[in-house]
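First to last, the protein sequences are chains A and B.
Quick note on my numbering: the first sequence kicks off at 1 and runs consecutively.
Quick note on my numbering: the second sequence kicks off at 1 and runs consecutively.
Calculated directly from the structure, the hints in this document are not laboratory data.
Note that the coordinates shown come from a computational prediction; the quantities given were computed from them, not determined experimentally.
Where hints are given, some of them may not hold.
Listed below are the simulated DSSO-like cross-link pairs for lysine-lysine, each with C-alpha atoms no more than 27 Å apart in a straight line [unchecked claim]:
{"no.": "1", "chain 1": "B", "residue 1": "K118", "chain 2": "B", "residue 2": "K181"}
{"no.": "2", "chain 1": "B", "residue 1": "K176", "chain 2": "B", "residue 2": "K228"}
{"no.": "3", "chain 1": "B", "residue 1": "K237", "chain 2": "A", "residue 2": "K112"}
{"no.": "4", "chain 1": "B", "residue 1": "K120", "chain 2": "B", "residue 2": "K26"}
{"no.": "5", "chain 1": "A", "residue 1": "K121", "chain 2": "B", "residue 2": "K266"}
{"no.": "6", "chain 1": "A", "residue 1": "K264", "chain 2": "B", "residue 2": "K181"}
{"no.": "7", "chain 1": "B", "residue 1": "K266", "chain 2": "A", "residue 2": "K112"}
{"no.": "8", "chain 1": "A", "residue 1": "K232", "chain 2": "B", "residue 2": "K251"}
{"no.": "9", "chain 1": "B", "residue 1": "K181", "chain 2": "B", "residue 2": "K237"}
{"no.": "10", "chain 1": "B", "residue 1": "K92", "chain 2": "A", "residue 2": "K264"}
{"no.": "11", "chain 1": "A", "residue 1": "K219", "chain 2": "B", "residue 2": "K266"}
{"no.": "12", "chain 1": "B", "residue 1": "K266", "chain 2": "A", "residue 2": "K232"}
{"no.": "13", "chain 1": "A", "residue 1": "K293", "chain 2": "B", "residue 2": "K228"}
{"no.": "14", "chain 1": "B", "residue 1": "K85", "chain 2": "A", "residue 2": "K112"}
{"no.": "15", "chain 1": "B", "residue 1": "K118", "chain 2": "A", "residue 2": "K293"}
{"no.": "16", "chain 1": "B", "residue 1": "K266", "chain 2": "A", "residue 2": "K293"}
{"no.": "17", "chain 1": "A", "residue 1": "K264", "chain 2": "B", "residue 2": "K116"}
{"no.": "18", "chain 1": "A", "residue 1": "K101", "chain 2": "B", "residue 2": "K266"}
{"no.": "19", "chain 1": "B", "residue 1": "K168", "chain 2": "B", "residue 2": "K181"}
{"no.": "20", "chain 1": "A", "residue 1": "K292", "chain 2": "B", "residue 2": "K92"}
{"no.": "21", "chain 1": "B", "residue 1": "K251", "chain 2": "A", "residue 2": "K292"}
{"no.": "22", "chain 1": "B", "residue 1": "K251", "chain 2": "A", "residue 2": "K121"}
{"no.": "23", "chain 1": "A", "residue 1": "K216", "chain 2": "B", "residue 2": "K206"}
Here is how the chains run, residue by residue.
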Amino acid sequence: MRPYIFNKSNLSAYLKQLDTVFEVWIPVTENGITTFNLFNKQNDIDLGKIPRTSVKSFFLPQHELLMEYSASPDSIQLDECLPSKKRIIFGVKPCEGRAVKLNSQLLVPETKYQKQDLYFKANQQNTILIAYGCNQPGVGCFCRSTGGDPFGKTGLDAIVTDLGDRLLLETTGTEISNQLIPKNDLNEEATESDLTAAEQIKKNACKVLDERSEIKVSKENIHTVFDLEIWKETAMRCLNCGICTYLCPTCSCFDMMDYFEDGKGSQSRCWDSCMFSLFTQHSLGHNPRPSKKERVRQRFLHKLRYYPEHHNGEISCVGCGRCVLHCPVNIDIREIADRLSLNGGERG
Amino acid sequence: MEESVANPYQKYPVRINSVYNETEDKRLKTFGLSFVNSEDSDYFFSQSFQPGQYALVWIPGYGEIPLGIASAPTEHNKLVFTVNKTGKVTSKLHTLTEGMLIGLRGPLGNGYPWEKLKGKNIFLIGGGCAFSTLRSSIKYLLSPENRQDYNDIWIVHGARTPGMLLYKDNFKEWRKRDDVKVHITVDSTSLATGEYHVGNVPFVLKQELPTVDENSVAIVCGPPMMIKYSIDPLKEKGFLPENVLFSLENKMKCGIGHCGRCSIGKTCICTEGPVFSMAEVNEMPDDY
Ligand SMILES: Cc1cc2nc3c(=O)[nH]c(=O)nc-3n(C[C@H](O)[C@H](O)[C@H](O)COP(=O)(O)OP(=O)(O)OC[C@H]3O[C@@H](n4cnc5c(N)ncnc54)[C@H](O)[C@@H]3O)c2cc1C
Ligand code: SF4
Ligand code: FES
């Protein structure tokens, strides 16, 4: 099937078509910060920027109800709160689709010996991602260094390429993606020359990104990697603020908590961070990661070493650059990866 | 197939049948529980529950905590936990009384490798609330259906004072048997009765254990210091690193490998453990 093409001025009309079937979310910039907002006539879509928060919020929300219950000393009634709202997120970056896939490998594993997170799974089934490919990768972007692509389709239902005055829309063949086909007078197939133009845009974007060095997985003995000077050096700068983990589209650690009042309660979870000392501190006071050094090391080794060891060498970083851009002390995962790969790194 | 779609956060209601103060400092209580619904009980016990596994015990409004299961699968539908009062959930648990309902999910993690241990001499060494899974193991090993599958069985249990020793009724029974060697020790006592040794667990290991070969396995559960100082005596007696088993403890929330906090290096304690051999622990980076 050929991709579709429509004038940029018709984007709003296309979103309205989608909006009749699904709830539609789009990136909107307010006070200089881009986040996903519900589509309505008032807000202006801003496709140029990398949204500050990633689509992680739609799959593993910052705060999510797991169970609601009523409980007394002699009765307990639990109800699971599985999400059911269908929605489209329009204008995500292609790297976000990969991030969803990486988290899905952890939370909804396919082997039947591992447990499935039904909340993440439901969110995955209910959330449709339409990406806006990256003609001009951002300064912090390095998706190609992590195995991604500025026009990659992994984890997406459709992707849009910006041809200047027109938008080329390509569905990816997922079950739901045929419901994304533009209707009525927006339903026009792209021509051969549109496709050639799109190819050229993709090539240019890749060229920029390919100048940024590849991230390699260190295979050095873990005891040696643990003792590298780099952890001490990085910890001296790191504030343990956790911004990197909250903005990261693949960081998925969470805490669980209970609320209870007048016989009714709920169990929920919220984002947590390996950068915080309470993350691992035992009840009796012992802490396996007592200082910033151990916590910084955990974050980077989890992404660049432990995750790949469980998932065929894939690192759990998609190169969106959020942590690079927003770390208050400019800690850069690319520099850390470079230093690690000096110590026997290889890919896959 | 059914199992793969079950919500791993769903909990079974369980009723508290008994509460028993184990120790003189009143910090350790043992709870006897039973399932409210027989299908939950059937499911739990049909999950090939093995001594060494743990469960997440939930108090509505307070939270969930991992606790080693102190009862054995051979005790037929009975659940026992021994709880050290430390923080929010354990303190609340200590206030609960018979008849009350709480929640539970599990069994979780891997038990001791019972199939592989068949035919071996087994040394169960421990103290404190971590002895819970050893109680489960001893009950299992000494049950008529399993005893003949294992060779010599030794138990070493230590505490600070006689009043801190656990499972006194069980130990009375076990000491009466001639197919298990029981050594109990206390750090100090004013009334030496000959019933126990005086000295810490590592000291008793040095003094009482025979020299062993590759057919002997030690399962060691206790406070970190006890474990640390037991390693050398065990090595001296001839235990191989792969034949010394520990149950590791890390802070846990989800219990299913998802929340990310219990890991040591690439190893997830809640799903790949909590049982590991000394050989495996030696491979782990120093992050525990
Ligand atoms: C596999 C395993 C088996 C265990 N078996 C037993 C047992 O048989 N008896 C016993 O008394 N204790 C056992 N523990 C320790 C017990 O889980 C903690 O003491 C308990 O979680 C403390 O909870 P709290 O709410 O009272 O403490 P708080 O300090 O208020 O802790 C807050 C929360 O952090 C988590 N947490 C804190 N410390 C620990 C810890 N050491 N381990 C795991 N999670 C923690 C829990 O989710 C807890 O609710 C075991 C731990 C593990 C990992
Ligand atoms: S954002 Fe930077 S300073 Fe903050 S925790 Fe992450 S690495 Fe450390
Ligand atoms: S307790 Fe959540 S990953 Fe182990």
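So, going through the hints one by one against the coordinates:
1. B/K118 <-> B/K181: Holds - the C-alpha atoms of B/K181 and B/K118 are around 18 Å apart, at most 27 Å.
2. B/K176 <-> B/K228: With a Cα-Cα distance of about 31 Å, the restraint between B/K176 and B/K228 is violated, given a limit of 27 Å.
3. B/K237 <-> A/K112: violated (41 Å)
4. B/K120 <-> B/K26: violated (37 Å)
5. A/K121 <-> B/K266: holds (24 Å)
6. A/K264 <-> B/K181: Given that 27 Å is the threshold and the Cα spacing comes to 51 Å, the pair is violated.
7. B/K266 <-> A/K112: holds (21 Å)
8. A/K232 <-> B/K251: With a Cα-Cα distance of about 24 Å, the restraint between A/K232 and B/K251 holds, given a limit of 27 Å.
9. B/K181 <-> B/K237: Status holds; Cα separation ~17 Å.
10. B/K92 <-> A/K264: Distance of about 18 Å is within 27 Å: holds.
11. A/K219 <-> B/K266: holds (13 Å)
12. B/K266 <-> A/K232: holds (21 Å)
13. A/K293 <-> B/K228: holds (24 Å)
14. B/K85 <-> A/K112: violated (36 Å)
15. B/K118 <-> A/K293: Roughly 43 Å between the alpha carbons, so the hint for B/K118 and A/K293 is violated.
16. B/K266 <-> A/K293: Holds. B/K266 to A/K293 sits at ~17 Å (cutoff 27 Å).
17. A/K264 <-> B/K116: violated (47 Å)
18. A/K101 <-> B/K266: Between A/K101 and B/K266 the Cα gap is close to 20 Å, so the pair holds against 27 Å.
19. B/K168 <-> B/K181: Within the cut-off at roughly 16 Å; holds.
20. A/K292 <-> B/K92: Judged against 27 Å, a Cα distance of about 32 Å means the pair is violated.
21. B/K251 <-> A/K292: holds (18 Å)
22. B/K251 <-> A/K121: This hinted pair holds, its Cα atoms lying about 26 Å apart.
23. A/K216 <-> B/K206: Violated, because 48 Å separates the two Cα atoms, which is more than 27 Å.
Hint compliance for this structure: hints 2, 3, 4, 6, 14, 15, 17, 20, 23 are not met, and every other hint is.
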